[in-house]
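Residue numbers (full-length UniProt numbering), protein chains in the order written: chain Y, 1 to 397; chain F, 1 to 397.
These are calculated hints, taken from the structure and not from any lab test.
Small disclaimer: the values here were computed from a predicted structure and weren't measured.
Among the hints, erroneous ones may be present.
Claimed, not checked - Keeping only pairs whose Cα atoms sit at most 20 Å apart, straight-line, the calculated SDA-like set for lysine to any residue is: (1) F:K201 <-> F:D122; (2) F:K7 <-> Y:K5; (3) Y:K5 <-> F:I209; (4) F:K7 <-> Y:E265.
2 protein chains.
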Amino acid sequence: MISEKIKPLVNHNSAIRAMFEEGRRLAAIYGEEHVFDFSLGNPNVPAPQSVNMAICDILKEENSVFVHGYMSNAGFEDVRAAIAKSLNRRFNTKFHQNNILMTAGAASGLNVILKTLLNPGDEVIVFAPYFVEYGNYVSNYDGRLIVISPDTETFQPNLDELEKKINAKTKAVIINTPNNPTGVVYSAKTLARLADILRAKEEELKTAIVLISDEPYRELAYDGVEVPYVTRFYDDTVVAYSYSKTLSLPGERIGYLVIPDELEESGQVFTAATIANRVLGSVNAPSLMQRAILRCVDEKVDLEAYDRNRNLLYNGLIRAGFECVKPEGAFYLFVKAPEADEKRFCGICKQHNILVVPGSSFACPGYVRIAYCVSSEQIQRALPEFEKVAKAYGMNQ
Amino acid sequence: MISEKIKPLVNHNSAIRAMFEEGRRLAAIYGEEHVFDFSLGNPNVPAPQSVNMAICDILKEENSVFVHGYMSNAGFEDVRAAIAKSLNRRFNTKFHQNNILMTAGAASGLNVILKTLLNPGDEVIVFAPYFVEYGNYVSNYDGRLIVISPDTETFQPNLDELEKKINAKTKAVIINTPNNPTGVVYSAKTLARLADILRAKEEELKTAIVLISDEPYRELAYDGVEVPYVTRFYDDTVVAYSYSKTLSLPGERIGYLVIPDELEESGQVFTAATIANRVLGSVNAPSLMQRAILRCVDEKVDLEAYDRNRNLLYNGLIRAGFECVKPEGAFYLFVKAPEADEKRFCGICKQHNILVVPGSSFACPGYVRIAYCVSSEQIQRALPEFEKVAKAYGMNQ
Numbered sequence: 001m002i003s004e005k006i007k008p009l010v011n012h013n014s015a016i017r018a019m020f021e022e023g024r025r026l027a028a029i030y031g032e033e034h035v036f037d038f039s040l041g042n043p044n045v046p047a048p049q050s051v052n053m054a055i056c057d058i059l060k061e062e063n064s065v066f067v068h069g070y071m072s073n074a075g076f077e078d079v080r081a082a083i084a085k086s087l088n089r090r091f092n093t094k095f096h097q098n099n100i101l102m103t104a105g106a107a108s109g110l111n112v113i114l115k116t117l118l119n120p121g122d123e124v125i126v127f128a129p130y131f132v133e134y135g136n137y138v139s140n141y142d143g144r145l146i147v148i149s150p151d152t153e154t155f156q157p158n159l160d161e162l163e164k165k166i167n168a169k170t171k172a173v174i175i176n177t178p179n180n181p182t183g184v185v186y187s188a189k190t191l192a193r194l195a196d197i198l199r200a201k202e203e204e205l206k207t208a209i210v211l212i213s214d215e216p217y218r219e220l221a222y223d224g225v226e227v228p229y230v231t232r233f234y235d236d237t238v239v240a241y242s243y244s245k246t247l248s249l250p251g252e253r254i255g256y257l258v259i260p261d262e263l264e265e266s267g268q269v270f271t272a273a274t275i276a277n278r279v280l281g282s283v284n285a286p287s288l289m290q291r292a293i294l295r296c297v298d299e300k301v302d303l304e305a306y307d308r309n310r311n312l313l314y315n316g317l318i319r320a321g322f323e324c325v326k327p328e329g330a331f332y333l334f335v336k337a338p339e340a341d342e343k344r345f346c347g348i349c350k351q352h353n354i355l356v357v358p359g360s361s362f363a364c365p366g367y368v369r370i371a372y373c374v375s376s377e378q379i380q381r382a383l384p385e386f387e388k389v390a391k392a393y394g395m396n397q
Numbered sequence: 001m002i003s004e005k006i007k008p009l010v011n012h013n014s015a016i017r018a019m020f021e022e023g024r025r026l027a028a029i030y031g032e033e034h035v036f037d038f039s040l041g042n043p044n045v046p047a048p049q050s051v052n053m054a055i056c057d058i059l060k061e062e063n064s065v066f067v068h069g070y071m072s073n074a075g076f077e078d079v080r081a082a083i084a085k086s087l088n089r090r091f092n093t094k095f096h097q098n099n100i101l102m103t104a105g106a107a108s109g110l111n112v113i114l115k116t117l118l119n120p121g122d123e124v125i126v127f128a129p130y131f132v133e134y135g136n137y138v139s140n141y142d143g144r145l146i147v148i149s150p151d152t153e154t155f156q157p158n159l160d161e162l163e164k165k166i167n168a169k170t171k172a173v174i175i176n177t178p179n180n181p182t183g184v185v186y187s188a189k190t191l192a193r194l195a196d197i198l199r200a201k202e203e204e205l206k207t208a209i210v211l212i213s214d215e216p217y218r219e220l221a222y223d224g225v226e227v228p229y230v231t232r233f234y235d236d237t238v239v240a241y242s243y244s245k246t247l248s249l250p251g252e253r254i255g256y257l258v259i260p261d262e263l264e265e266s267g268q269v270f271t272a273a274t275i276a277n278r279v280l281g282s283v284n285a286p287s288l289m290q291r292a293i294l295r296c297v298d299e300k301v302d303l304e305a306y307d308r309n310r311n312l313l314y315n316g317l318i319r320a321g322f323e324c325v326k327p328e329g330a331f332y333l334f335v336k337a338p339e340a341d342e343k344r345f346c347g348i349c350k351q352h353n354i355l356v357v358p359g360s361s362f363a364c365p366g367y368v369r370i371a372y373c374v375s376s377e378q379i380q381r382a383l384p385e386f387e388k389v390a391k392a393y394g395m396n397q
């Protein structure tokens, strides 16, 4: 009954479901509070109160037919103008409303821009470790995913390998900074060199290579680190943004694409992307949430809770003997497994009721992702268990 | 820069934009209130007050992390259970929560089920006149759209032609009742015969043919007419529903798919569709709106305004000499153009500041669609202009 293309996803899904059900089984036996689930990237910090207040105010103050109605498939013009202005203020850019396309989160934004750009067989380059859905998004439009192997020293992108893998079929490169799963922020130096490589290849191959910057974690950065704005380094850039983490609204599906004037054929890409937004079935980003963004365009969630968790978990794991690059952003640690087969390590963690995601899910075996968007109490209760795991491996003795 | 597949859509889009800009030009010259725009299907009746109250109550009463958070890609379980129960109560069906998949409106639901089912080259049959986006949705998954010619006597589907056009490549048939653009409701007799044909063809060809019932206008039915529930006629049915018109929430993107147990390989189709919902970028239907549906599952907008408009416009046009099947549902009239070239007729209407959509946009030339989801005053002011157009054609003299 189902299509050939979706069959492998159904099979893979059963594996994830099995993991999820194993978690439920453990919770049933040991109680929720004795199971340490670090597997999900679902924010535990609530949305700012101002967002919920804005929603109620909108329903009282604005016309209901307008608030819940259709608008341009690109989104409300005043919302797009406000976002452009906010970006300009913060990043010294020069966007206007016709550079901003409201989407149902970054996942939808990525689908929209890939549908806009890809012909069958076009190649899209990603850097391991990468968010597994990129492969599905690229495959939706019959593109080919090309994976660059990880630089496990720094988890900055491996640009030497990138340079070798770009060819005439390369249509896009996806980056994700701050990064899921490593928490690493790409430095200005990295971005400048990346841009140089892409420009040189565009020149050499006489093609356009679009740098797609997936930025759901942009505002989640710690220790005052700068997250450089990618359009300032490279003209052929498209940014996919989401409020899922910035405002803790992952279920609401609200975000945007930035399609700057500097992008080649920018106007036509914007029109095509607006059509893609429509025909893929989103039609437009949810309208009430768009209106709420207008009122909360510079708000963000309380980062202190994430930062506290980051330090608590990082320090605890290092103390226990684990190895990990200290993350500067997002809410993940990407920890080296104490044996090459990180799935076996995940199994041993599970014996201590700790659930973490194997790095193979991000094309980077030998590591595990630990999401710290959980309560501090969960981390505090879990640390002694991590220590037991470390001891079992004979670490830090 | 843009993909070959999206290019023709960009070109076509310019034509629609030109029409839209023509409307704006007329409004600037003659004033908004002297331009009679009947071209859009954007509800003018506001959402029930209970919906807006429910949204504010949810934000006060429920946990913010839960309300705005991720849930199963199929939607909140309690929401899906409540919808199943409501359908069972009203249509004597036997659905449960695992038959209901929350989607970002019917447009997204249709994309999800087509991605789930279609292999390249599979045929999907539609009945003219049909909603033009069906063609784009089918093309997204490299299906072939097969169009059945209209029965312009009744605008019930032409089942004789359907029977001839089904073959081994037929994967799905899309129906839309109450219908856009005709307002016709498919009778129980029509659906019973349609089901008989599909069953016989499934038997003969040893294939599964899925009947996809697109039902955004289900609750918009007048004169007490029954809109029969399609799953009761044919097992291999999938329903795509939207609250866009029922609750006047078109911008919010909230609806669902019904994937009944009776559908062949139902469980696998449900899992695959849930994955399709995720990988197409919707991820899940907007969460706050899902919670609002739970509290307003049996609500609907005030239909009286639409019904008043329907009678006012229908009677006025008939009096002026136009021909039209009286619609029993939705908020459209599909009126016969007084000359074969209905685009020329649209041009003459525009000279009277009346904007209507040519039937060619629905694969049914010779007719025009008039949307009456507008103020009664607009209809009252427009009727004398329609009479002038009729006179210009020498009608009703």
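Each hint tested on the structure:
Of the pairs offered as hints, the one joining K201 (chain F) and D122 (chain F) holds, with about 16 Å between alpha carbons and a cut-off of 20 Å not exceeded. The suggested pairing of K7 (chain F) with K5 (chain Y) is violated, with an alpha-carbon distance near 24 Å, which exceeds 20 Å. Straight-line distance between C-alpha atoms of K5 (chain Y) and I209 (chain F) comes to about 19 Å, which keeps the hinted pair within the 20 Å bound. Only pairs whose Cα atoms come within 20 Å are accepted, and K7 (chain F) paired with E265 (chain Y) is accepted, the gap being roughly 13 Å.
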